[in-house]
Amino acid sequence: MARPVQYNTKIKTVEAPEGYSGEGFFATSFDKVIGMARANSIWPLPFATSCCGIEFMATMSAHYDLGRFGAERLGFTPRQCDLLMVMGTISKKMGPVLRQVYLQMAEPRWVIAVGACASSGGIFDTYSVLQGIDQVIPVDVYVPGCPPRPEAILDGFMRIQQLVGQESLRRRHSDQYKALMNSYGIE
Amino acid sequence: MTNEQVKSRLIEKFGEALTDFEESYGMLSFHAPKEMNLKVLQFLYDDEALEFRFLTDITGVHYPAQPGAELAVVYHLQNLRTRTRLRFKVFTSVADPKVFTATRLYESANWMERETYDFFGIDFVGHPNLIRILNVDEMDYFPMRKEFPLEDQTRIDKDDEMFGR
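Chains as they are written, first to last, in our numbering: chain A, 442 to 628; chain B, 2 to 166.
Derived from the structure by calculation, the hints contain no laboratory data. From the three backbone atoms N, C-alpha and C, an ideal C-beta is built for every residue, glycine too. Be aware that one or more of the hints could be misleading.
Said to hold, decoys possible - Facing chain A, from chain B, some residues (calculated, C-beta under 10 Å): (1) M140; (2) Y142; (3) F149.
What the hints assert, rightly or not - Incomplete in silico selection of chain B near chain A, CB under 10 Å: (4) L135; (5) N136; (6) V137; (7) P144; (8) M145; (9) D158; (10) K159.
Using the sequences and the hints given, assemble the complete structure.
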């Protein structure tokens with residue numbers, strides 16, 4: 442008699458990059474294979490301060506399951522993490538802390554600003570709230586919403602994956618990138 | 002202990018110096034000259050009958066319409082035994098916002114005076130560490146004063162429709 446569940450047929454695997462294959466070998470470029478590896482094993486650092494952080498907890502949990510994208514390991518430390526996810530209101534007093542966390546992360550690193558507050562200060566046009574984290578650190582992807590649904594966070598995450606997968610290994614040595622960093626006062 | 006008893010005890014001691022006695026929501030409040038704030042506090046603390054030994058709160062108020070007395074410091078006191086509460090204000094000008102510190106008398110005044118300095122710019126003379134406490138150090142204004150502009154009306158980087166303005 443056939444077993445009711447033989448094996449999971451719904452597993453999705455990452456497509457192999459373009460390259461030359463033959464008997465016993467496969468050749469491709471470093472850019473592609475490293476980009477593929479990085480994009481599918483991102484280690485996010487959640488920097489959550491308010492409602493968007495709660496929404497992100499749902500994104501991590503079973504129903505939405507951020508782990509499907511290879512982002513299983515969430516580290517609450519800049520050590521070895523390569524994606525900083527800033528979720529919630531960042532006050533001006535918090536700015537230097539956020540910046541220090543960013544600086545402690547090793548290259549290559551990416552940043553998502555989740556929600557209206559992290560992206561623009563949101564409704565808080567006050568003396569104490571930073572009007573967007575891009576005033577202190579460079580941001581790769583902005584997720585709109587107040588707070589955004591987990592689907593939106595996943596969408597932002599997948600956009601980061603696209604960036605990471607297609608990024609040239611030399612991008613961070615480019616003059617444009619250096620100029621961007623210098624504009625934030627980062628060496 | 003009733004508010005009447007507290008009031009008559011205070012008038013007995015300070016006479017005409019204390020003004021504007023009133024009871025709002027059952028709580029006695031009055032105004033005192035700013036030079037006398039420590040004398041009043043000390044008397045309220047020491048007096049056998051009053052014994053206001055708990056400083057509940059210090060905060061500030063900005064009255065831009067009162068020239069020469071724009072800033073007020075509000076003291077809230079409590080007698081823990083009889084659960085009587087009391088409030089008084091001292092006024093100072095915004096040009097010379099100096100008020101004597103209450104840190105020698107009440108330890109809890111330390112934090113609260115720093116906060117009041119942070120938001121209203123009231124200079125507590127004699128405070129051991131009068132620096133900003135909740136805001137960033139490089140801030141060059143006092144945000145709770147009514148002269149602080151609420152928001153930049155000219156900014157166009159936020160869509161009014163999205164932010165309900």
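Evaluation of the provided hints:
For M140 (chain B), the interface hint holds, since its Cβ comes within 10 Å of a Cβ in chain A; the closest pair sits about 7 Å apart. Interface restraint check for Y142 (chain B): the shortest CB-CB distance to chain A comes to about 8 Å, inside 10 Å, so the restraint holds. At a threshold of 10 Å, the smallest CB-CB gap from F149 (chain B) to chain A is about 7 Å, leaving the interface hint in force. Annotation: interface hint on L135 (chain B) holds; nearest CB of chain A at approximately 7 Å, less than 10 Å.
Because the smallest distance between the Cβ of N136 (chain B) and any Cβ of chain A comes to about 7 Å, under 10 Å, the interface hint for this residue holds. Among the interface hints, the one on V137 (chain B) holds; its C-beta lies about 5 Å from the nearest C-beta in chain A, closer than the 10 Å criterion. The closest approach between the C-beta of P144 (chain B) and any C-beta of chain A is roughly 4 Å, which is under the 10 Å cut-off, so the hint is satisfied. A hinted interface residue such as M145 (chain B) counts as satisfied when its beta carbon comes closer than 10 Å to some beta carbon of chain A; here the least separation is about 9 Å, so the hint holds.
The criterion of a C-beta within 10 Å of any C-beta in chain A is met by D158 (chain B), whose closest approach is roughly 7 Å, and the hint holds. Here the hint on K159 (chain B) is kept, as its CB sits about 6 Å from the closest CB of chain A, short of 10 Å.
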